[in-house]
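Please model the entire structure based on the sequences and the hints provided.
Number of protein chains: 4
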Amino acid sequence: MKLGFVGLGAMGEAMATCLLRAGHELTVYNRTAAKADALVAAGAKRARTPAEATAGNELVFTMLFDDAAVQHASFGPDGIAEALGPDAVHVGCATVSLNQARRLRDGHAERGQHYASATVLGRPPAARAGQLFVVLAAADALRARILPALDAFGQKSFVVGDDPVQANLVKLCLNFMIFATIEQMAEVFTLGEKGGIAPATMFEVMSNSFYTAPVHRNYGKLMVEKAYDPPGGPMEIGLKDNGLFLEAGEDFRVPLPTASLLRDRFLQSYAAGEEGLDFVAIFERVRADAGLR
Amino acid sequence: MKLGFVGLGAMGEAMATCLLRAGHELTVYNRTAAKADALVAAGAKRARTPAEATAGNELVFTMLFDDAAVQHASFGPDGIAEALGPDAVHVGCATVSLNQARRLRDGHAERGQHYASATVLGRPPAARAGQLFVVLAAADALRARILPALDAFGQKSFVVGDDPVQANLVKLCLNFMIFATIEQMAEVFTLGEKGGIAPATMFEVMSNSFYTAPVHRNYGKLMVEKAYDPPGGPMEIGLKDNGLFLEAGEDFRVPLPTASLLRDRFLQSYAAGEEGLDFVAIFERVRADAGLR
Amino acid sequence: MKLGFVGLGAMGEAMATCLLRAGHELTVYNRTAAKADALVAAGAKRARTPAEATAGNELVFTMLFDDAAVQHASFGPDGIAEALGPDAVHVGCATVSLNQARRLRDGHAERGQHYASATVLGRPPAARAGQLFVVLAAADALRARILPALDAFGQKSFVVGDDPVQANLVKLCLNFMIFATIEQMAEVFTLGEKGGIAPATMFEVMSNSFYTAPVHRNYGKLMVEKAYDPPGGPMEIGLKDNGLFLEAGEDFRVPLPTASLLRDRFLQSYAAGEEGLDFVAIFERVRADAGLR
Amino acid sequence: MKLGFVGLGAMGEAMATCLLRAGHELTVYNRTAAKADALVAAGAKRARTPAEATAGNELVFTMLFDDAAVQHASFGPDGIAEALGPDAVHVGCATVSLNQARRLRDGHAERGQHYASATVLGRPPAARAGQLFVVLAAADALRARILPALDAFGQKSFVVGDDPVQANLVKLCLNFMIFATIEQMAEVFTLGEKGGIAPATMFEVMSNSFYTAPVHRNYGKLMVEKAYDPPGGPMEIGLKDNGLFLEAGEDFRVPLPTASLLRDRFLQSYAAGEEGLDFVAIFERVRADAGLR
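Protein chains in written order, with our numbering: chain A, 1 to 293; chain B, 1 to 293; chain C, 1 to 293; chain D, 1 to 293.
Treat the hints loosely; a few may be bogus.
No copy labels: a pair is met if it fits in one copy or bridges any two.
[To be verified] List time: in silico EDC-like cross-link candidates among lysine to aspartate or glutamate, alpha-carbon distance up to 20 Å:
no.: 1; residue 1: K194; residue 2: E250
no.: 2; residue 1: K194; residue 2: D264
no.: 3; residue 1: K221; residue 2: D163
no.: 4; residue 1: K240; residue 2: E250
no.: 5; residue 1: K194; residue 2: D162
no.: 6; residue 1: K194; residue 2: E274
No lab work stands behind these hints, which were simulated from the structure alone. Please read all numbers here as calculations on a predicted model, not as lab measurements.
Now the structure itself:
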């Protein structure tokens with residue numbers, strides 16, 4: 001297929017690499033042009049604007065850092081909307097707020113354009129290996145055009161609805177579950193440690209009995225090893241994504257006490273000067289509350 | 001081996017059945033004698049007191065409902081302590097408070113007797129299938145005598161320390177993780193539902209991506225199906241075991257905010273008249289807080 | 001003094017009335033012009049724009065509903081900034097976000113204009129009686145020009161700093177204390193009620209012993225009488241102002257667990273369809289959690 | 001009147017002193033006899049057992065540290081119950097658990113004896129000055145015999161019901177409100193401090209506007225002055241009394257999220273080695289969470 005890709009951070013670059021490797025004809029754009037060099041060397045075409053990465057393509061993916069960046073790339077000058085053809089689809093992959101997801105959906109709809117949301121679960125190494133989980137929400141008629149392309153970077157795609165916003169909501173939920181599980185393990189490791197059970201022992205029991213999911217094994221391991229730095233998932237992402245989840249709760253009038261607790265936990269980490277660490281380092285705040293170290 | 005078993009509730013009866021099936025010579029005791037009938041018919045010997053279930057055996061297991069019951073069976077009249085030989089071991093399997101675990105350890109130690117704790121993770125059907133996870137804490141010299149017997153009802157045994165109390169602490173932690181995961185999924189299902197994603201869809205994505213552990217799949221399924229009644233794990237157990245976890249936190253001076261939140265959630269369920277349901281029904285309180293139903 | 005007043009909601013109208021009564025020469029503006037009729041009848045001059053309410057005056061007060069309204073009246077077309085003289089001061093009285101307070105401070109500073117913040121504590125009847133508490137933050141040199149005017153509607157003015165934003169921060173804190181005290185009394189009334197002590201009895205003891213502040217007596221009375229409708233302080237204000245307090249916590253990296261709990265409580269009230277009631281009606285959610293009614 | 005008094009800690013000694021000063025004929029008992037010396041020098045009669053402090057008196061007051069102490073003094077050997085005449089009343093003043101209050105009520109009822117509960121609000125200096133607030137729950141027929149004596153140490157007595165347990169419930173509620181108000185002020189002082197408002201400034205505004213109750217002025221002052229040591233109200237009392245409040249919530253099935261939050265806060269203080277300080281020192285944990293000091 002003829003595809004465009006806008007946003008070549010660690011995740012975007014890995015996903016674009018998969019698309020190229022799968023044989024698609026790919027045009028890429030990144031604000032800092034150098035980040036596209038490896039992809040261009042491998043055969044991608046370089047675009048100088050999001051519009052250029054869009055023109056003539058069947059799908060254009062965006063994987064940008066936050067609401068503002070994706071809004072600008074979509075509807076700003078030389079943005080995607082200026083070049084998106086009537087049969088083409090803008091496929092948003094970033095973790096944005098529900099309000100931003102709505103702005104993307106509505107902004108394209110007003111222009112008679114197609115928009116879909118395909119959020120992804122996994123870190124850059126999984127992306128590079130084509131092992132992401134993908135959550136797609138798109139009008140029924142669009143899905144067949146999008147799903148095959150997703151296979152390049154995803155091990156499995158779930159269709160959750162017609163309204164693109166739904167893929168963003170599911171993604172916020174899945175991210176929250178990571179943070180909540182880390183807090184849960186942190187409380188357990190800390191109580192265990194003060195009661196004479198090393199975190200490694202607790203982890204061994206837990207992750208080989210009822211708590212065998214990647215969320216336990218991957219994040220629990222990072223906690224036991226205190227592998228906080230360099231961060232795989234930065235604290236900033238934790239605070240931001242948990243905040244988006246809370247915001248969604250406010251939208252839909254849903255009290256979310258576990259997320260409220262996590263909000264305070266992330267702020268505690270920031271206040272302790274740990275905002276540069278991986279978000280699993282909230283474990284240190286749970287430990288500090290219990291007088292450890 | 002020659003074994004005794006005291007406490008034939010749903011879990012105890014299933015565990016004892018495994019021991020008998022594995023070829024051990026088994027003597028069983030239950031306060032309500034009729035609960036022993038099936039085991040006796042299958043070849044177990046019936047004891048009229050805990051002491052009788054102990055005399056002459058290498059190991060005597062207890063699987064009783066609460067602190068008071070296990071204390072009485074151990075040190076009350078005609079209790080285990082009256083008959084436990086110098087080379088025999090009392091192996092406590094119940095989920096009791098840390099203080100009760102200490103009373104068992106110290107009560108036997110004062111009498112020059114051996115005590116070990118082998119707590120178990122899993123519900124009755126898993127017990128019956130010999131598929132429990134077992135957490136053993138026992139003095140090094142005792143382990144070799146106990147571990148082979150545990151294989152009858154456990155798929156895997158973890159040794160977590162010398163002090164029996166440690167197995168109880170690990171067990172309280174593992175149980176807490178069940179409740180915390182249910183609360184977590186309840187918040188996610190509820191937010192999803194108000195945002196247009198059915199719980200079944202959310203569950204499908206979650207349990208086939210990062211959240212594939214038994215704790216997700218088993219309890220998430222019960223929640224999606226609202227399989228609250230009859231309870232597999234009664235609300236009473238939730239309130240009690242979460243309370244024991246909080247009590248352990250107080251012992252060791254560890255703030256446990258997620259467990260504090262769960263305490264209020266269980267009380268909310270009781271106040272709503274749902275104390276007769278499975279503890280996954282706390283989901284209904286999360287939904288009610290969000291105005292659902 | 002020659003004064004302008006922009007924003008004649010219940011609070012603004014009451015405050016402006018006091019200023020007029022105190023003998024000041026007053027020009028008033030409100031988007032819905034009819035709200036100015038009574039003041040004009042009593043001697044105020046009517047302005048057709050915020051700029052008109054500003055031109056030629058020594059001080060111009062704003063008392064508008066939210067961030068957007070005050071931003072528009074200040075810097076929009078025909079806004080205050082267009083007409084504010086070099087010796088005049090814009091005195092913001094509304095409860096706005098810290099970010100909005102910063103925008104007001106910086107927007108005027110960029111134009112070489114004076115801005116001060118004088119937030120007020122009290123409901124409309126107190127305003128009308130000149131019994132508000134006023135929290136002023138202003139550059140030292142401006143204070144003497146502002147304080148005398150504040151006496152018209154305030155029983156007492158506190159100066160808390162040079163930076164206008166500080167008055168907004170103090171105001172957010174004081175409002176939060178109202179909500180937190182309501183939650184606190186709600187938990188106590190509910191526990192008492194289930195234990196056989198009527199809320200009126202508990203209120204009698206509390207408000208005549210250690211808990212004698214207006215915050216206890218005024219709000220406690222509303223709770224005991226379930227005087228929820230019409231709302232003196234609408235639920236919307238509770239959710240909004242508590243949200244601004246949490247936002248301030250995020251700004252300054254301060255975990256605020258009591259406010260987090262209140263956020264969920266307000267959402268619970270919204271979800272229960274009680275968003276039209278007074279914010280003391282969160283009491284009903286505390287009662288519902290305990291199975292009352 | 002002829003009165004007995006059992007338990008001469010700081011509070012009990014002050015209350016007994018008031019009774020003596022008011023002209024009552026007083027017999028006193030304390031486990032450590034020396035604590036009675038000053039009272040005996042001032043005219044009280046010394047008893048060697050609780051029973052001796054009871055025999056022949058119209059009322060016998062108890063003001064002991066905890067459940068166990070009051071149970072022992074009441075129903076242990078040489079306890080109050082052995083000597084309490086048919087027309088006399090045991091008046092319990094200590095802050096005990098509801099279960100202990102029930103044991104006292106029921107234990108005396110079984111013996112055909114009278115029991116009333118008169119819990120007190122205030123610290124030792126207030127007690128000495130006869131300025132306590134007293135919460136009485138007693139059968140109607142007993143009140144007239146008790147109330148006059150309470151005037152010796154109380155500035156005001158409230159009657160809250162017939163069942164003695166009710167006075168204990170009210171007392172637990174009032175104590176909780178102290179802790180919750182401290183937490184509330186701690187969050188506000190901390191946010192203010194990080195935003196450039198000194199706690200003393202915030203306190204000045206708060207305690208002279210809407211937050212003028214003793215609970216604000218007394219505890220807020222201690223916080224601003226960091227007057228933690230020696231403790232007027234020890235941290236131990238905070239953890240204990242908040243725990244009794246939570247226990248009451250569990251009894252009556254009432255979720256109490258603010259108290260849950262306080263439980264974790266007190267544990268945090270213990271874990272930080274601050275268990276020897278006044279309970280207002282939980283302020284330091286709120287500050288630490290925000291990275292202060």
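Hint by hint, which ones does the structure fall short of?
Going through the list in order, the structure violates hint 3 alone and respects the others.
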